[in-house]
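Novice: Residues per chain, in single letters:
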Amino acid sequence: MITRISRNRDRAFSTRNAVLFLLAALSMAWTGACLADDYPDGCVSCHVGDTPKPKSAYRLDLQLADLGHGKGGERTKEIPTGCFRCHASTGDGAAGKLGPYIHLIHFRGEKNPFLKKYGGDCSSCHQMDPNTWRAVAKSGPRNWEMTVGDTKIPD
Amino acid sequence: MKDRFRVLWAAALSGLFFCAGIAVADEFPEGCVSCHVQKIGDVDFRLNTLLAQIGHRKVDRLKVIPRDCGRCHASDDGEDSFTVMIHQIHFDVPNINLFVQRYGGACTHCHEVNTESGEAGLKNGPKNW
Chain G
828 MITRISRNRD
838 RAFSTRNAVL
848 FLLAALSMAW
858 TGACLADDYP
868 DGCVSCHVGD
878 TPKPKSAYRL
888 DLQLADLGHG
898 KGGERTKEIP
908 TGCFRCHAST
918 GDGAAGKLGP
928 YIHLIHFRGE
938 KNPFLKKYGG
948 DCSSCHQMDP
958 NTWRAVAKSG
968 PRNWEMTVGD
978 TKIPD
Chain R
16 MKDRFRVLWA
26 AALSGLFFCA
36 GIAVADEFPE
46 GCVSCHVQKI
56 GDVDFRLNTL
66 LAQIGHRKVD
76 RLKVIPRDCG
86 RCHASDDGED
96 SFTVMIHQIH
106 FDVPNINLFV
116 QRYGGACTHC
126 HEVNTESGEA
136 GLKNGPKNW
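Heads up: the protein sequence lines correspond to chains G and R, in order.
Using my numbering, read the first sequence as starting at 828 and increasing by one per residue.
Using my numbering, read the second sequence as starting at 16 and increasing by one per residue.
None of these hints come from the bench; they were simulated from the model.
Keep in mind the model is a prediction, meaning the values are calculated, not measured.
Treat the hints with care, as some may be off.
Partial selection, computed: residues in chain G whose CB lies under 10 Å from chain R [said to hold, decoys possible]:
hint: 1; residue: 929
hint: 2; residue: 931
hint: 3; residue: 935
All C-beta atoms in this analysis are idealised placements derived from N, C-alpha and C, irrespective of residue type, glycine included.
Pulled out of the complex, with its shape left as it was, chain G reads as follows:
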């Protein structure tokens, strides 16, 4: 009799522990999901998609080609760090400063998709550098391959 009571108590204890463990695991997973950075590489984390419909061809090489931007954009390896070769943040480069131009594209107009769909969240593109305590642009490798004509050229 005593053995049966003890066994039932053990089973209840382990069930309670299992429920507690499950709840803890779920809450940790939820916290992790909330803290995770959806756009760790900045521009290229968001600008994906190469389907032929104009509004879905969201990858930067396709968008730049559509604007008539030179081939330099396609050859750039790290985005947007490599863009600063021409678009220097000091304003001394061959082309205009990148920052104000990118801000206007992403913040101007009430129907701007960056504002409407992504909440105009600065941390999609920027992060705080804990060494210098300056806000910097996130950067990542380009998400397209170089092409000559229709031939893809490996890096």
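Chain G is already provided as a structure; the job is to place chain R on it using the hints.
Specialist: Chain R in isolation, oriented as in the chain G frame:
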């Protein structure tokens, strides 16, 4: 019965519009002084009070915050700049940092983009003390 239904319908619509207004409005239009107010719980969170606690000289003469802080704190003075100090206060030790944990570390509480020039700048507001 119909009247009650109409009243409920009107209340629901008003609630929706109210929520939409809240979602769109800038909760911190004046930057520092929009957040650092007299009462957050039982704490006087105004900047003059907080600065007095850390032994900062009196800031009674300032009129617009943080614009007038720039009289002494140059905005771009290397490691000791105002920018570096304010960023560190608001982002250091993120696990227990009030700005990160409670306000999501959102840049737009303090900064805004000028949609004419494209430059990101600071929000400003009159002192609240």
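Novice: Take the hints in turn and mark each one as holding or not.
Specialist: Taking the hints in turn, this is what the structure says about them:
A least Cβ separation of about 8 Å between residue 929 (chain G) and chain R falls short of the 10 Å threshold, and the interface hint therefore holds. Residue-level restraint check for residue 931 (chain G) holds (minimum Cβ-Cβ distance to chain R is 4 Å; threshold 10 Å). Interface hint at residue 935 (chain G): satisfied, since its Cβ lies 5 Å from the closest Cβ of chain R, which is below the 10 Å cut-off.
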